[in-house]
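Make the full structure from the sequences, and use the hints.
The sequence shown finishes on residue 170 if you use the working numbering, and the numbering steps up by one all the way, no holes.
Hints are computed from structural coordinates only; laboratory data are not their basis.
For clarity, every value in this text was computed on a predicted model and none was experimentally measured.
Please note: incorrect hints may appear among the correct ones.
[To be verified] Label pairs and their in silico Cβ distance ranges: (1) M36 with V149: 30 to 40 Å; (2) E45 with D107: 16 to 26 Å; (3) L11 with P41: 42 to 52 Å; (4) G54 with D168: 34 to 44 Å; (5) H15 with T43: 33 to 43 Å; (6) V149 with H62: 28 to 38 Å.
[Stated by the list, open to error] In silico lysine to any residue, SDA-like type, Cα no more than 25 Å apart, as pairs: (7) K123 with T12; (8) K123 with L105; (9) K123 with T43; (10) K66 with L142; (11) K66 with T43; (12) K123 with L49.
The C-beta atom is built at its ideal place from N, Cα and C for all residues, glycine as well.
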Amino acid sequence: MTDTLTTHHLSAEPLTASAFEPFGVLLTPMADGTPFTSEEAVLDVSNGIPRFYLMHLDDKAPEFVRVTRHLETTQTLMAVGDVEWTIAVASPGIEEPTLDDLRAFRIPPRTAITMRKGTWHAGPFFAEPSMDFVNLELDDTNVSDHHNHRLDDAYGVRVVIDGE
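Written as structure tokens, this is what we have:
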């Protein structure tokens with residue numbers, strides 16, 4: 007990232023179901039045999055072949071210049087292990103999110119999130135040297151359904167998440 011960019015600070019907030027609702031749902035452990043819940047109903051991988059995989063990421067400091075959205079699928083993420091991580095999001099339905107549209111959440115261990123179709127996101131971010139994540143999306147999400155908005159080009163900023 008270039009030194010000519012202004013730093014825009016975004017505070018990471020604790021994850022709650024109500025705070026995350028505009029962007030998706032959070033999933034926490036439940037007893038085996040628990041009936042289907044409304045939180046699970048947001049999952050939609052019907053526009054292609056579902057891809058469920060372990061995603062390995064290295065060195066993801068909490069800063070970014072680009073947000074991404076997927077219009078054809080929801081995306082479910084969960085860290086492998088008991089480690090907190092962070093994600094930045096902006097609501098679906100926004101063509102080009104502004105800095106005021108962005109929110110960041112601290113995702114506690116043993117918690118998954120499913121982002122609604124079209125939810126803008128950056129991350130996951132974490133303090134560890136590397137982490138693995140369970141990822142559920144479509145087989146071609148990162149090829150044909152990867153829509154980006156450059157915050158450095160639009161606003162001359164890099165976003166840094168505080169409170170990670």
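Evaluated hints:
1. M36 with V149: 30 to 40 Å: Once the Cβ atoms are compared, 34 Å apart, the range 30 to 40 Å for V149 and M36 holds.
2. E45 with D107: 16 to 26 Å: holds (23 Å)
3. L11 with P41: 42 to 52 Å: Since the Cβ atoms of L11 and P41 sit about 49 Å apart, the hinted range of 42 to 52 Å holds.
4. G54 with D168: 34 to 44 Å: Roughly 37 Å apart at Cβ, these two residues keep to the hinted range, so it holds.
5. H15 with T43: 33 to 43 Å: The hinted range 33 to 43 Å holds for H15 and T43, with Cβ atoms some 35 Å apart.
6. V149 with H62: 28 to 38 Å: Once the Cβ atoms are compared, 19 Å apart, the range 28 to 38 Å for H62 and V149 is violated.
7. K123 with T12: Violated. K123 to T12 sits at ~30 Å, over the 25 Å cutoff.
8. K123 with L105: holds (20 Å)
9. K123 with T43: holds (19 Å)
10. K66 with L142: Holds - the C-alpha atoms of L142 and K66 are around 20 Å apart, at most 25 Å.
11. K66 with T43: violated (32 Å)
12. K123 with L49: Holds: K123 and L49 sit about 9 Å apart, inside 25 Å.
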